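Sequences are here, hints too, so could you generate the full structure?
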Amino acid sequence: MTDRVIRLQEAPFDYGAECAAFAERAGGAGAVVTFLGLVRNDGGSLTRMEIDHYPGMTEAAIDAIAAEAATRFRLDSLLVLHRTGPMQPGEPIMMVATASRHRAEAFAAAEFLMDYLKSRAPFWKKEHRAEGPIWVAARDADEEALDRWAGGAG
Amino acid sequence: MRVLYFAWVRERIGRPWEDVETTAATPAALADELAAREERYAAAFADRRALRVAVDQRLVDFDAPLEGAREVAFFPPMTGG
Chain A
1 MTDRVIRLQE APFDYGAECA AFAERAGGAG AVVTFLGLVR NDGGSLTRME IDHYPGMTEA
61 AIDAIAAEAA TRFRLDSLLV LHRTGPMQPG EPIMMVATAS RHRAEAFAAA EFLMDYLKSR
121 APFWKKEHRA EGPIWVAARD ADEEALDRWA GGAG
Chain B
155 MRVLYFAWVR ERIGRPWEDV ETTAATPAAL ADELAAREER YAAAFADRRA LRVAVDQRLV
215 DFDAPLEGAR EVAFFPPMTG G
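Residue numbers (this note's numbering), protein chains in the order written: chain A, 1 to 154; chain B, 155 to 235.
For the record, the hints were derived by calculation from the structure and aren't laboratory data. Watch out, some of these pointers could steer you wrong.
[What the hints assert, rightly or not] One-sided and incomplete, this derived list gives chain B residues near chain A with beta-carbon spacing under 7 Å:
1. Trp162
2. Met232
3. Thr233
4. Gly234
All of these numbers come straight from a predicted model, not from anything done at the bench. Quick reminder that beta carbons are idealized off the backbone N, C-alpha and C, glycines included.
See below:
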């Protein structure tokens, strides 16, 4: 059984503290992989970012993705933490953490989680820029990234 | 049936959700009915390839059955992570 923790929150989080807590909980796993997504400020004109989501479906979709990761990879623990609402450039948006006996499974599971969270969990990013607000467009590459996990969740 | 809109679809239509009386058999038929209402709906549903749909909070194709559905949501491709 994989210990799974999923959190959705508006408030910023402390990546270092989350990593430490995860490593502590995963003690004995042998390998921990973490990923942090930050609010990028391409071109320097971003004043803030906002993440819209679909309450209810968001939790269900992340849960299904996490359950699929737990089936595909031998994981002791996994964590998915995603923010919603307004955030500032440079702030954390989301993180995933995976713990396994060996690093290969932990790395692969983290990539799997990221690929699916990007295009199968109902989040939408809106950038507020000096020149006006814009909804971030999905990239073909994000959709193509799912192909390597053919037959997967979501 | 409750119909929800997210991201730019919500902004274009001007509301987050509404209850709709419909006998549409598929999300595609429902989208056609909504698009025929007013210009703002027509604008939101103009490019079906730019939209995704969920029925009872599960991603489905536009030709999936709607029978018995309580909730349908229209939104652009997701951009999480």
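Tested hints:
1. Trp162: Holds: closest Cβ of chain A sits about 5 Å from tryptophan 162 of chain B, inside 7 Å.
2. Met232: Hint on methionine 232 of chain B: holds, closest Cβ of chain A at ~5 Å, below 7 Å.
3. Thr233: holds (5 Å)
4. Gly234: Interface hint status for glycine 234 of chain B: holds (3 Å vs cutoff 7 Å).
In the structure shown, no violation is registered for any of the earlier numbered hints.
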